[in-house]
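All chains should be built: construct the whole structure from the sequences, respecting the hints.
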Amino acid sequence: GAGVSQSPSNKVTEKGKDVELRCDPISGHTALYWYRQSLGQGLEFLIYFQGNSAPDKSGLPSDRFSAERTGGSVSTLTIQRTQQEDSAVYLCASSLEYRVTEAFFGQGTRLTVV
Amino acid sequence: GQQLNQSPQSMFIQEGEDVSMNCTSSSIFNTWLWYKQDPGEGPVLLIALYKAGELTSNGRLTAQFGITRKDSFLNISASIPSDVGIYFCAGRRYGGSQGNLIFGKGTKLSVKP
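Chains V and L, in that order, are what the protein sequence lines are.
Start counting the first sequence at 1; every next residue gets the next number (my numbering).
Start counting the second sequence at 1; every next residue gets the next number (my numbering).
Keep in mind that the hints were calculated from the coordinates and are not lab data.
None of the hints are false.
Straight-line Cα separation of at most 25 Å, PhoX-like style, residue types lysine-lysine; simulated pairs:
#1 Lys57(V) <-> Lys15(V)
#2 Lys51(L) <-> Lys70(L)
#3 Lys11(V) <-> Lys105(L)
#4 Lys11(V) <-> Lys57(V)
#5 Lys57(V) <-> Lys105(L)
#6 Lys17(V) <-> Lys57(V)
In this text the structure is predicted, and so the values were computed from the model without any measurement.
Written as structure tokens, this is what we have:
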């Protein structure tokens, strides 16, 4: 597609369940980023993939959060044993190599943990 | 995690008025960015600044990278109804991760026609 695509757009899950959020980056973009936006807050960095390099996981808030990027394209963010404080909009972005300042964001997945 | 201090939190202005918002940080940044986010959408980049003192315009928008490298401002001239949205500043620290942008909490702009 022309832009960054995220699915689902909305997800409601019960506390304790696992969820998977998907991101399809712009074709040809080697860098992929995940951010989290809580209500009324700015974006919070989670994880960054660049090509075949080891991802920068320094923003993941706990070991319940993990992400992978298969084949250098699609990425999945997994949250295990969800908690209510995980409720937020999860935004994915992609860019050309090392060009975070030129990244394009998707529309996000709104996660609600009840 | 660390966030930038962005002000004001919200603005409610008359159409045609000029708008100014700013961000400050306790750390030195090598890049400052300004984004606009509409409801249900991801942020869209408005202006990117890469050098201290740099002043850049994009139509009615003007932004500057502060000389101290710890602040930036965004001005919008002659506001129109479609300027409504949330504006975020973001920056990258010296020595920070390539992918880690630090964001402010946003300035919500409302415009009265």
